[in-house]
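Number of protein chains: 2
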Amino acid sequence: MKKIHQKLILGVDIGGTYIKLGLVHPEQGILGKARIRTAAVKGKSGFVRALSEKIDELKHTTNLDYTLEGIGIGAPGISTEEGVIVQAANISFLTNVNLVKLLEREFHVPVVLAKDSSLAAIGEGAFGVAKGMKNYIVLTLGTGLGCAVVVNGEILKGASGLAGEFGHTLVRKNERLCGCGRKGCLETYVSGKGIVRTVFELLANSNKKSSLRDYSYNEITPKIIFQEAQKNDPVAKKAFRDTGKILGEKIANLFTIFDPEAVILAGGLIEAADFLLPVIVETVEKSTLYFLKDKTNVLLSALGANDAALFGAASLILKRKKEILI
Amino acid sequence: MKKIHQKLILGVDIGGTYIKLGLVHPEQGILGKARIRTAAVKGKSGFVRALSEKIDELKHTTNLDYTLEGIGIGAPGISTEEGVIVQAANISFLTNVNLVKLLEREFHVPVVLAKDSSLAAIGEGAFGVAKGMKNYIVLTLGTGLGCAVVVNGEILKGASGLAGEFGHTLVRKNERLCGCGRKGCLETYVSGKGIVRTVFELLANSNKKSSLRDYSYNEITPKIIFQEAQKNDPVAKKAFRDTGKILGEKIANLFTIFDPEAVILAGGLIEAADFLLPVIVETVEKSTLYFLKDKTNVLLSALGANDAALFGAASLILKRKKEILI
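Chains A and B, in that order, are what the protein sequence lines are. Take the first sequence: its letter number 325 is residue 325 in the numbering used here, and every next letter is one higher. Take the second sequence: its letter number 273 is residue 273 in the numbering used here, and every next letter is one higher.
Just so you know, these hints were derived from the structure itself, not from any lab. Be aware that a few hints might be false.
What the hints assert, rightly or not - A few chain A residues facing chain B, derived, Cβ under 8 Å:
1) TYR18
2) PHE107
3) ASN135
4) VAL151
5) GLY153
6) LEU156
7) GLU165
8) PHE166
9) HIS168
10) LEU177
11) GLY179
12) LEU289
13) PHE291
14) LEU300
Claimed, not checked - Residues of chain A placed beyond 10 Å of chain B at every Cβ, according to the derived structure:
15) LEU31
16) ASN253
17) ILE257
To be verified - Derived lysine to any residue pairs resembling SDA-like cross-links, with alpha carbons at most 20 Å apart:
18) B:LYS209 / B:THR221
19) A:LYS183 / B:ARG172
20) B:LYS157 / A:LYS183
21) B:LYS134 / A:LYS183
Virtual Cβ for every residue (Gly too), placed ideally from N, Cα, C.
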């Protein structure tokens, strides 16, 4: 059977733990996936090399005949208009690199760069549960906590492009030290790293039996906590409950300030939605101003816990194309 | 000397304590002022009567020859598109009244209605310190705490027109009961009523000598607390410090989420800015995400503590006029 030649978009979502790659077809969705361990990448040339290898690998594993139409990149941190990332907590190879220029030179296709959370919001709007919505908020619960706010169909950028740092609003004073240098940021509680910290705090403060007492801080992952919660481990379950409660209170404040059509949860942690969502919904309803109570719509991403940003990357490339053509 | 006939706009700012009236000239500012005690108004017919009397009174006190070009009204609470106020905490004569229709029928001029905090934001943008800004937030520290967020030059409305209820985001759990029925809303700390509560809590918890121990809860006002602070009363000064600290922490979150050009403080309480502002600025700087630290611009309204909304009313009427003419 002759293979049909297709034009596909490479979505790249650079996270604290993995760099996720997806070959996106605008109608058919993600046709192939790969990932790179973020910690294994050394320097910007290492990043280009790893990306190049994975693109080749994807050609083989998917057995598709395709040309890349563009590369859309989601990265944490702050970038300038030209695509230079000036802040990227924990991902050293990204700092002070003009990723757009670097990759366009290497791969000879258009490259767009956006904050990972913004891409997730664009993806949800173009292909996901936010389709048709003009006002919504996407929270990405990954290694960290990302946030993008959409107001009247546009990503909220703020005066200097730095809006949406919801993960760095303060919840508890003088407690957990955050990557940003302050103490008590929401992200230190509600994120993959946050729930690990919560487990260790619970292990320290209670005498409950728990399989989680067998793991070191470096060994334990949100996935292990999730699996133990499924086996009814009391500490694992309480960690999810505590996380959901803190997040629910803060989401209530988002509803009270923004009055969005929905707050959408994405990111790896929503694989544990069975444990997280009920307490989030309950807390949001309890904590939102009374005349907003029947409007607190908390939804899960339907694009797959980690794929919203890949779809967003595709959407950006398509839009850019459109802008160039028209 | 012959009086020049002028076209002026009546701005009406309905607050929890006073209904403030101002005759606004677009270039010359406020040419005459009056006020009505909110508690003295009985029913909607009482409101129309009081307004009518004050309009006549203003003709005498200002000795101006003018025609009203329109009436712009700022009211707390929530109104429908048609101008029916469906929620107005503490102001019973406003509830379920179509204020626009009622006043247009009575005074035969165009009437516009907006949330008081939105009017203040429009006023600051058209005539005040936010002139030229596209992204800013106005907080009105009056009897309650109002908030309006401007994003890309437009008031943030949200999906159902209910955005901006910053005063009802939660700060302390299980503490002060709020007018909205929940406990711990920001407004129960940061507002005229809030600082009175803070003084009473301080009087209860400390043994410090204070002239404020001579006032009943019903007698005491923010103005009295301000006057005592000027006389170096330790409880009054601590009440302002505590208020500024709580507000500063929450303003830091606004900077972190919205990245605005400025947060502008208006409302009666800013008469005590000497006591409030330094601690607000210090706390905001300490509590904002590091890469936003040099962007935390906290400004005081320059329109007079209580006049921002009156200017906003004028601006709305002028814009409406313009829209009709063009």
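Hints and how they fare:
1. Look at TYR18 of chain A: its Cβ only gets to about 25 Å from chain B, farther than 8 Å, so that hint breaks.
2. The interface hint given for PHE107 of chain A is broken, as the beta carbon of that residue sits about 30 Å from the closest beta carbon of chain B, more than 8 Å.
3. For the restraint placing ASN135 of chain A at the interface with chain B, the shortest Cβ-Cβ distance is roughly 5 Å, inside the 8 Å limit, so the hint holds.
4. The beta carbon of VAL151 of chain A comes within 5 Å of a beta carbon in chain B, closer than 8 Å, and the hint placing it at the interface holds.
5. This hint is violated: GLY153 of chain A has a C-beta 11 Å from the nearest C-beta of chain B, more than the 8 Å allowed.
6. With 8 Å as the threshold, the beta carbon of LEU156 of chain A comes within range of chain B, its nearest partner Cβ sitting at about 6 Å, so the hint holds.
7. For GLU165 of chain A, the shortest C-beta to C-beta distance to chain B is roughly 5 Å, which falls under 8 Å, so the interface hint holds.
8. At its closest, the beta carbon of PHE166 of chain A sits 6 Å from a beta carbon of chain B; the interface hint therefore holds under the 8 Å criterion.
9. Interface hint status for HIS168 of chain A: upheld, as the beta-carbon distance to the closest one in chain B is roughly 4 Å, under 8 Å.
10. Taken as an interface hint, LEU177 of chain A does not check out: its beta carbon lies about 13 Å from the nearest beta carbon of chain B, beyond 8 Å.
11. Interface restraint check for GLY179 of chain A: the shortest CB-CB distance to chain B comes to about 11 Å, outside 8 Å, so the restraint is violated.
12. The criterion of a C-beta within 8 Å of any C-beta in chain B is met by LEU289 of chain A, whose closest approach is roughly 4 Å, and the hint holds.
13. Restraint check, PHE291 of chain A versus chain B: the minimum CB separation of about 6 Å is within 8 Å; hint holds.
14. Evaluation of the LEU300 of chain A hint against chain B yields a violated restraint, the C-beta minimum of about 19 Å exceeding 8 Å.
15. Listed as a non-interface residue, LEU31 of chain A keeps its Cβ farther than 10 Å from every Cβ of chain B; the least gap is roughly 34 Å.
16. Not every CB of chain B is more than 10 Å from the CB of ASN253 of chain A (nearest about 4 Å), against its label as outside the interface.
17. With a least CB separation of 6 Å from chain B, ILE257 of chain A falls inside the 10 Å interface cut-off, contrary to its annotation.
18. Between LYS209 of chain B and THR221 of chain B, the direct Cα distance comes to roughly 19 Å. Compliance with the 20 Å bound is thereby established for this hinted pair.
19. Restraint check for LYS183 of chain A and ARG172 of chain B: satisfied, since their Cα atoms lie roughly 18 Å apart, inside the 20 Å limit.
20. The suggested pairing of LYS157 of chain B with LYS183 of chain A is violated, with an alpha-carbon distance near 32 Å, which exceeds 20 Å.
21. At most 20 Å may separate the alpha-carbon atoms for a hinted pair to count; LYS134 of chain B and LYS183 of chain A exceed this at roughly 31 Å.
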